[in-house]
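**Student:** Chains as they are written, first to last, in this note's numbering: chain L, 1 to 110; chain X, 111 to 225.
The hints are simulated quantities; they were obtained by calculation from the structure and are not laboratory data. Since the structure is predicted, the reported quantities are computational estimates derived from the model, not experimental observations. Glycine included, every Cβ here is placed at the ideal spot set by N, Cα and C. Hints are supplied without guarantee of correctness; some may be wrong.
Unchecked claim - Straight-line alpha carbon distances no greater than 27 Å define the calculated BS3-like cross-link-like pairs of lysine-lysine that follow: (1) L:K52 <-> L:K69; (2) X:K164 <-> X:K151; (3) L:K102 <-> L:K3; (4) X:K154 <-> X:K164; (5) X:K154 <-> X:K125; (6) X:K164 <-> X:K188; (7) X:K161 <-> X:K125; (8) L:K69 <-> L:K3; (9) L:K52 <-> L:K102; (10) X:K125 <-> L:K3; (11) L:K69 <-> X:K154; (12) X:K151 <-> L:K69; (13) X:K151 <-> L:K3; (14) X:K154 <-> L:K102; (15) X:K151 <-> X:K188; (16) L:K3 <-> X:K164; (17) L:K69 <-> L:K102; (18) X:K125 <-> X:K188; (19) X:K188 <-> X:K161; (20) X:K151 <-> L:K102; (21) L:K52 <-> L:K3.
As the list claims (entries may be wrong) - Not the full set, but computed from the structure, chain L residues with beta-carbon under 8 Å of chain X: (22) N25; (23) G43; (24) R45.
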Amino acid sequence: LAKTTQPISMDSYEGQEVNITCSHNNIATNDYITWYQQFPSQGPRFIIQGYKTKVTNEVASLFIPADRKSSTLSLPRVSLSDTAVYYCLVQPYGNNRLAFGKGNQVVVIP
Amino acid sequence: EAGVTQFPSHSVIEKGQTVTLRCDPISGHDNLYWYRRVMGKEIKFLLHFVKESKQDESGMPNNRFLAERTGGTYSTLKVQPAELEDSGVYFCASSQDGEPYTEAFFGQGTRLTVV
Numbered sequence: 001l002a003k004t005t006q007p008i009s010m011d012s013y014e015g016q017e018v019n020i021t022c023s024h025n026n027i028a029t030n031d032y033i034t035w036y037q038q039f040p041s042q043g044p045r046f047i048i049q050g051y052k053t054k055v056t057n058e059v060a061s062l063f064i065p066a067d068r069k070s071s072t073l074s075l076p077r078v079s080l081s082d083t084a085v086y087y088c089l090v091q092p093y094g095n096n097r098l099a100f101g102k103g104n105q106v107v108v109i110p
Numbered sequence: 111e112a113g114v115t116q117f118p119s120h121s122v123i124e125k126g127q128t129v130t131l132r133c134d135p136i137s138g139h140d141n142l143y144w145y146r147r148v149m150g151k152e153i154k155f156l157l158h159f160v161k162e163s164k165q166d167e168s169g170m171p172n173n174r175f176l177a178e179r180t181g182g183t184y185s186t187l188k189v190q191p192a193e194l195e196d197s198g199v200y201f202c203a204s205s206q207d208g209e210p211y212t213e214a215f216f217g218q219g220t221r222l223t224v225v
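Make a model of the complete structure from these sequences and hints.
**Tutor:** Right, dumping it as structure tokens:
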């Protein structure tokens, strides 16, 4: 499984757009990029998944450049409740096994 | 619709004792996974059931861990005998079949403390 690298932590003010980056230099052709969010004392929760270009849902947007060696999760206008650890994962096609890295602790401050 | 539920939420046992964790997946989800995070480490895969069959148990740390999913519904993870290094949070997740990937729904986890 391709390894992912994320910043350890970041702070953001409430109401701002937050962009969380992830590096996955060894991503394979049939790998998908998936992001999960984890609040304290809870299990991870699926946010978004993509293969290339841009994917948007009601929670976030995922930007993947043409070389797919990195991706950016964008959270619009964060609130205090968006404080969580955000995990970027690379998954082979059809493989549901998740390989979590250290994640990125995002703290939203008022 | 009920999500993935795990029981107990927290268990404290002495070294050498036995503990059984339970996971009830979302109804209709054939795939069930166990993960765990030990102190200071990343969340690690333990095993994957498809219905009642073990699809992948490569993440199980040793033979003190036994997972079952009788009838393809709920699953149990037994640790016998428990050791200090087994302390951590054990997560269960379930998902439907689908390609290329289906979202995994996680429970809130069971925090196991071995003293």
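**Student:** Now, for every hint given, state plainly whether the structure supports it.
**Tutor:** Structure-based check of each hint:
1. L:K52 <-> L:K69: 10 Å, holds
2. X:K164 <-> X:K151: Between K164 (chain X) and K151 (chain X) the Cα gap is close to 25 Å, so the pair holds against 27 Å.
3. L:K102 <-> L:K3: This hinted pair holds, its Cα atoms lying about 11 Å apart.
4. X:K154 <-> X:K164: Distance ~17 Å between K154 (chain X) and K164 (chain X) Cα, so the pair holds.
5. X:K154 <-> X:K125: Holds, because 22 Å separates the two Cα atoms, which is no more than 27 Å.
6. X:K164 <-> X:K188: Judged against 27 Å, a Cα distance of about 15 Å means the pair holds.
7. X:K161 <-> X:K125: 32 Å, violated
8. L:K69 <-> L:K3: 11 Å, holds
9. L:K52 <-> L:K102: Holds. K52 (chain L) to K102 (chain L) sits at ~23 Å (cutoff 27 Å).
10. X:K125 <-> L:K3: 35 Å, violated
11. L:K69 <-> X:K154: 23 Å, holds
12. X:K151 <-> L:K69: Between K151 (chain X) and K69 (chain L) the Cα gap is close to 25 Å, so the pair holds against 27 Å.
13. X:K151 <-> L:K3: 16 Å, holds
14. X:K154 <-> L:K102: Judged against 27 Å, a Cα distance of about 11 Å means the pair holds.
15. X:K151 <-> X:K188: 21 Å, holds
16. L:K3 <-> X:K164: Between K3 (chain L) and K164 (chain X) the Cα gap is close to 26 Å, so the pair holds against 27 Å.
17. L:K69 <-> L:K102: 18 Å, holds
18. X:K125 <-> X:K188: Cα-Cα ~14 Å, so holds.
19. X:K188 <-> X:K161: Holds, at about 18 Å.
20. X:K151 <-> L:K102: 8 Å, holds
21. L:K52 <-> L:K3: 18 Å, holds
22. N25: Since the shortest Cβ distance to chain X is 19 Å, the answer is violated.
23. G43: 3 Å, holds
24. R45: 7 Å, holds
In summary, the structure is inconsistent with hints 7, 10, 22 from the numbered list given earlier, while agreeing with the others.
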